[in-house]
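Protein chains in written order, with the working numbering: chain A, 263 to 423; chain B, 2 to 347.
It is worth saying that the hints were derived from the structure and are not from the lab. Because the structure is a prediction, the values reported are computed rather than measured. Be aware that a few hints might be false.
As the list claims (entries may be wrong) - Residues on chain A that point at chain B, a partial pick, calculated with CB under 10 Å: (1) Ser292; (2) Thr311; (3) Gly312; (4) Ala316; (5) Phe327; (6) Glu330; (7) Glu343; (8) Ala346; (9) Arg375; (10) Glu376.
Backbone N, C-alpha and C fix where the C-beta goes; we use that ideal spot for every residue, glycine too.
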Amino acid sequence: MNEPFVGYNGDVKNAVFIVAVLLAATSCTSLSDAKIAEAAAGVSDDLNTGDVDALTGSSGTPFLFETEILPAPAQLRALWEALAASGYDFGPKGEITVLNPDKNTWERFSSSREVEVWFQKHAPADAALAVVPTDEGRIVLVVDRNKKSPTPIRGLKVEQE
Amino acid sequence: MNIRLLTAAAFALIFAAVSADSLCAAEGRLAYVEGNVILEKTGGIQKPAEIGENVSAGDTLYTASDSRADLELLSGSTVIIGADSVFNVGEIADSEAETRKKGFFRVLLGSVSFKFRNLTQEPEIGTPLTVCSVRGTDFTVYTAPDGTSMTVVSDGLVEVTSGRAAALLSAGQGVKAVVGLGLGEPFEAKKGHIRYEDFVDEALTRMDEDPSLVLISLIDQMKEYVEQGEFFVESYRINREKVIAVREQVNSVFEDQGKEAGEKMRQMEYLPLQERGLDLALTSRYYILSAFMMRRYTFSSLYIHIRCNYLQNPNDPIWSEFSTTYQKFLDIYDNRLIPLLEEEDL
């Protein structure tokens, strides 16, 4: 009569063990909010100083820029060059907020179906949104939490007030 | 009928009708790769390109700065994709070919040089504004971020068409098709004297002078492609209804009048309709993809340039006008083009 209960206890222990291992594994491969904020501050800094090589090296295609999906490295480099040359102050002017995207995050970038598809197909599986305050609003970055990603910066929007 | 289902049905028909061998046959093989070159297969999955890899219809090659890719075609011809370029391998209908289709290459951004060896088998080459019919052996096609194109011939003849205008270029000649202005006059273009950077600078200057005018011209061009796409999708739908009706008639003739009469009707009426369906499907797809690739590469490049120019001055009337017109373009794209696309295109 008690056997199923013993088995249940065993299952619970196994489950707890598996969850612990998964959490440990996740924490090993996933960037913390603090690291995401650090990466976002780095993007702001590179934009302000015009370090296009660093920006190009840390970002990957297809890249989401506001309403636009940029599949080509040439377009991505042109974007970084144009942003860096814009004279805009990319901050950060205050604390960087890190959010987890939800099913409606795509609407923050565009109302187009293609941006919804980008979030489904091309956004990193373990993505974070970093919101960087600037003097005139904020920039929103899509960042891959995966520590192994060589190109964690995957999207950007400039929100102006 | 839902347009997306109709398009899917069209391609299901193509896949059923064309032999597996011809569909899987590679258009070419990457003979040389330098720097950062990305190969995107149908469906949008990107991976680093490698020497020896096959490149086939539907694939797109991207080169970053200081990068290059050489593609060796099955015919023995060579395509050299320069730095900062986007090159797509596609297909169009060709009723004279055994498979009823032939290759169609798109130079969407950057510079691509062609050294053709077998002119009877070579594909046509398109940019957002032009189509090159190849009668030459050695030429280069350049596409600027605003969609403006330039073709320069080193050897042989190349006919460049843009809308209703055409120019036949011989060795040492070039021609530009400028967005909003159409095809220009041929000019002398000595090999080694053409600088892509200067061509791009000219395009950026045009964008800066009147961004909304450039945008409106691009919208007009894209609408033409969309209208053609819609026309051929509708033509395909009508043809498909005929195919179904005639197939039923053929079956009745087989049953009522025997094999010989049924086979005769199948050959005379059913198969020509089916072949026409294949042509219509490929042609509609050509126009739909032409519009989509303009959206992806030309409109995006224009948006990046103008958005960043006015990032510090979001209330500038030039930006306000541009951004209002851009929203109109996005509405056309969302409401008229996206319904014509396959899910995997996005």
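Hint by hint, here is what the structure shows:
Hint status for Ser292/A relative to chain B: violated, with the closest Cβ pair at about 23 Å, above 10 Å. Hint status for Thr311/A: violated, given a least beta-carbon distance of 16 Å to chain B, over 10 Å. Annotation: interface hint on Gly312/A violated; nearest CB of chain B at approximately 13 Å, more than 10 Å. Using the Cβ-Cβ criterion of 10 Å, the hint placing Ala316/A at the interface with chain B is not satisfied: the shortest such distance is roughly 14 Å.
Because the beta carbon of Phe327/A sits about 7 Å from the nearest beta carbon in chain B, less than 10 Å, this interface hint is met. This hint holds: Glu330/A has a C-beta 4 Å from the nearest C-beta of chain B, less than the 10 Å allowed. Because the smallest distance between the Cβ of Glu343/A and any Cβ of chain B comes to about 9 Å, under 10 Å, the interface hint for this residue holds. Proximity of Ala346/A to chain B holds as hinted, the smallest CB-CB distance being about 9 Å (cut-off 10 Å).
Annotation: interface hint on Arg375/A holds; nearest CB of chain B at approximately 5 Å, less than 10 Å. About 5 Å separates the beta-carbon of Glu376/A from the nearest beta-carbon of chain B, less than 10 Å, and the hint is met.
Consistency with the previously given hints fails for numbers 1, 2, 3, 4, ordered from lowest to highest.
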